[in-house]
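Please put together the full structure from these sequences, using the hints given.
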Amino acid sequence: MRTGLRAAGPRSPRRAGYRIEMALLNRRLGLSLTYLSSAVIQRHFSITGACRAIQKLTRVRVVDNSALGNTPYHRPPKCIHVYNKTGVGKVGDTILLAIKGEKKKALIVGHKMPGPTMTPRFDSNNVVLIEDNGNPIGTRIKTPIPYILRRREGEFSKVLAIARNFV
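Sequential numbering from -5 applies to the sequence shown in this note's numbering.
Calculated from the structure, these hints are not laboratory results.
All values reported here derive from a predicted model rather than from experimental measurement.
Some clues are possibly wrong.
Between beta-carbon pairs, the in silico distance windows are [stated by the list, open to error]:
no.	residue 1	residue 2	range
1	Pro70	Thr133	17 to 27 Å
2	Gly128	Asn59	53 to 63 Å
3	Thr113	Ile14	40 to 50 Å
4	Ala17	Arg55	38 to 48 Å
5	Ile14	Glu149	47 to 57 Å
6	Arg158	Asn78	21 to 31 Å
7	Phe160	Thr80	19 to 29 Å
Keeping only pairs whose Cα atoms sit at most 25 Å apart, straight-line, the calculated SDA-like set for lysine to any residue is [to be verified]:
no.	residue 1	residue 2
8	Lys94	Leu51
9	Lys94	Asn129
10	Lys50	Thr80
Each residue gets a CB set at the ideal place from its N, CA and C atoms; glycine is no exception.
What follows is the structure, given as structure tokens:
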């Protein structure tokens, strides 16, 4: 004699709950979601779009040659504050980073989210560490910098001076 849980067959109560969820989603969204598997519905389905710009707790990549940004550490640098009204950082915004147990300011020089027309989209969220007065901590930037930063030349002229490539 078998004991234990029964598998979720076509007429089981768990399968009926799945169908009810699908019907509610279909009614709410106006979409046909019947092609999605139950694993996708239970774990990976999200109605809101993913925000790929830089916000709080976003992992970033330091692209200058500063000692603080290049020595390995068991935690990646994370954004803990964005210095603008919206709380979402774009290219040219200043953020506060938690890096190796310290708090440092950084300038966003590239992010994953698509921006305005004819602006580059990067594979990672790139930042350059800066001091409180706006001077960069490193002496060289390893990745290309977007041309959009040249419009804001007065604010970040020293960061632009140490950049080698522009896209």
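Structure-based check of all given hints:
1. Distance hint check: the CB atoms of Pro70 and Thr133 are about 23 Å apart, consistent with the given range 17 to 27 Å.
2. Range check, Gly128 to Asn59: Cβ separation about 18 Å, and the 53 to 63 Å hint is violated.
3. With their beta carbons about 44 Å apart, Thr113 and Ile14 fall inside the hinted range of 40 to 50 Å.
4. Hint check: Ala17 to Arg55, Cβ distance near 43 Å, so the stated range 38 to 48 Å holds.
5. One distance hint, 47 to 57 Å for the beta-carbon pair Ile14 and Glu149, holds here, with the actual separation near 55 Å.
6. A beta carbon spacing of about 28 Å between Arg158 and Asn78 agrees with the range 21 to 31 Å that was offered as a hint.
7. Under the hint 19 to 29 Å, the C-beta atoms of Phe160 and Thr80, about 26 Å apart, fit the expected range.
8. Of the pairs offered as hints, the one joining Lys94 and Leu51 holds, with about 14 Å between alpha carbons and a cut-off of 25 Å not exceeded.
9. At roughly 20 Å between alpha-carbon atoms, Lys94 and Asn129 fall within 25 Å of each other, so this suggested pair holds.
10. Of the supplied pair hints, the one linking Lys50 and Thr80 holds, its CA atoms being roughly 11 Å apart against a limit of 25 Å.
In summary, the one numbered hint that this structure violates is 2.
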